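Student: The listed protein sequences derive, respectively, from chains G and F. Take any residue in the first sequence, note its place counting from 1, add 1, and you have its number in the working numbering. Take any residue in the second sequence, note its place counting from 1, add 1, and you have its number in the working numbering.
Do not take every clue at face value.
Pairs count within a copy or across copies, as identical chains cannot be separated in the list.
To be verified - The list that follows gives simulated cross-link-like pairs (lysine-lysine, DSS-like), each with its CA atoms no further than 27 angstroms apart:
| no. | residue 1 | residue 2 |
| --- | --- | --- |
| 1 | K117 | K81 |
| 2 | K117 | K272 |
| 3 | K204 | K117 |
| 4 | K245 | K117 |
| 5 | K220 | K53 |
| 6 | K53 | K81 |
| 7 | K63 | K81 |
| 8 | K65 | K91 |
Please keep in mind that the hints were generated in silico from the structure rather than gathered at the bench. Please read these numbers as outputs of a predicted model, since none were measured by experiment.
Chain residues, written in single-letter form:
Number of protein chains: 2
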Amino acid sequence: MRDLAGHPELCAINTATLGFTAPIGEVIEAVARHGFGGIALWRREVEGQDVKRIALLIRDAKLKVTGYCRSTFIPAATVKEFRASIEDNKRAIADASVLGAENFVMVVGGLAPGSKDLAAARRQVAEATAELVVHGREHGVKIALEPLHPVYAADRSCLSTIDEALDLCDRLAPASEKMLGVCLDVYHIWWDPALERAIDRAKGRILGFHVCDWLLETKDVLNDRGMMGDGVIDIRAIRAMVEKARYRGLVEVEIFSAANWWRRPIEETLKVCKERLGTVC
Amino acid sequence: MRDLAGHPELCAINTATLGFTAPIGEVIEAVARHGFGGIALWRREVEGQDVKRIALLIRDAKLKVTGYCRSTFIPAATVKEFRASIEDNKRAIADASVLGAENFVMVVGGLAPGSKDLAAARRQVAEATAELVVHGREHGVKIALEPLHPVYAADRSCLSTIDEALDLCDRLAPASEKMLGVCLDVYHIWWDPALERAIDRAKGRILGFHVCDWLLETKDVLNDRGMMGDGVIDIRAIRAMVEKARYRGLVEVEIFSAANWWRRPIEETLKVCKERLGTVC
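Using the sequences and the hints given, assemble the complete structure.
Tutor: Right, dumping it as structure tokens:
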């Protein structure tokens, strides 16, 4: 297993960790200055901006772009809305290409509005993903399906397990092509009784690996995620499984923490991330 | 599939639904008067009371006792605490026997205090369950393992999926004996991509079936559960799977709702439960 201590260049910062408070140029500079090897961006920071200029800033800072977050939710109540979501995602994939992002991260969405039919939502996701993989191939952008914790099945992701994501990958694109895979976030997968087997099955399909922590007394499952080491996830054990499954990409920190880390200066958050990556990840 | 409309005798009320506000005698009388066929009790209503008297009240009201809730959490930091939890559960199983409860419901507990080792927690659960099944057999009380939603993996249940519970059942007691099985609650299982297959696998092992609903905008995953029909779970579809797997026991309503249903008069809650059981379950 790679040693992350003193090696921030093996790690990346997802800008969501910094709460979207500082301008993107400042964030890029700070992430690079702290020695991280990569950055993951969000569409809210990019869309409506000069995308090429942002791409240049990142290139000049010598940062990789690990991921571009995230897909517009897929399941829709009407064909028109379903198509609109796909087109929206295609535009985002084109931006991901301009940014030089390794992956377009898909958070697929939960139930369609007004629906109780999870199976139908999952069929829409499969159909849309099939189309977006083609688009990704054309733009040289990999599609990374991110299974989300089952607590989000209703409103954010009907894709809840690694196995479900891999089933979809196997149906839609050969593993050898490396254009469709999964993004694994410890927050979403740590509880899975089939974790070790599922990660092993993901060999050759792991496009991204995210770390944060599950706080024992979580106040909000969306925006109260913990800094690595402050919660109950055995992050190092999961990283060992992921590296055993031949993942060699950057270890990306993504922490949604409205009441804590987002309120701190980004310098402090980056410093603590670097330290914790070396000690508990 | 059984028709529940006009058949409250096929249904049971878990007293947690009524918020533990009224005295147990009053609750038993009201549940029986509304025509329900059964009731599930909690240890907080029973321990330290005259258990035989409560059992008599229930018998006189002609109610079945579907379940006795719930086990003391198993995973412990020390052998002494582990043993204490098992002994505590044994006493509760003895009370379940006096009450004539069909099942002792096991909510197994999450990580041991201070631990990040889910696998160790699961091993402790397996070891304790093996011992409690023996005790249940002696007292004529079935042990119903209730897998809880993965959102509780840290603090309430390291047993998160139906498959995991069934694996444990298969290891510890033959299905034919019908002393160890699972209690399925739609709130905990609805998200599972393997749901239909897992419920089919549970044939002969389903000892209890709970209904409530997952509110789209859940404010608290513990105590903001919804009345059937107010959320996004396709309850009828899940009941169809459960009955296809030959479950013929009562359909039990269990709703933890601190800010809503627990604040209403129990007469109103019982009336709405009866109505919704007939229309959306």
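Student: Now, for every hint given, state plainly whether the structure supports it.
Tutor: Do the hints match the structure? See the list:
{"no.": "1", "hint": "K117 - K81", "verdict": "within (20 angstroms within a copy, 46 angstroms between copies)"}
{"no.": "2", "hint": "K117 - K272", "verdict": "between (44 angstroms within a copy, 24 angstroms between copies)"}
{"no.": "3", "hint": "K204 - K117", "verdict": "between (33 angstroms within a copy, 25 angstroms between copies)"}
{"no.": "4", "hint": "K245 - K117", "verdict": "between (38 angstroms within a copy, 20 angstroms between copies)"}
{"no.": "5", "hint": "K220 - K53", "verdict": "neither (39 angstroms within a copy, 41 angstroms between copies)"}
{"no.": "6", "hint": "K53 - K81", "verdict": "neither (31 angstroms within a copy, 63 angstroms between copies)"}
{"no.": "7", "hint": "K63 - K81", "verdict": "neither (41 angstroms within a copy, 55 angstroms between copies)"}
{"no.": "8", "hint": "K65 - K91", "verdict": "within (22 angstroms within a copy, 58 angstroms between copies)"}
In the structure shown, a violation is registered for the earlier hints numbered 5, 6 and 7, in ascending order.
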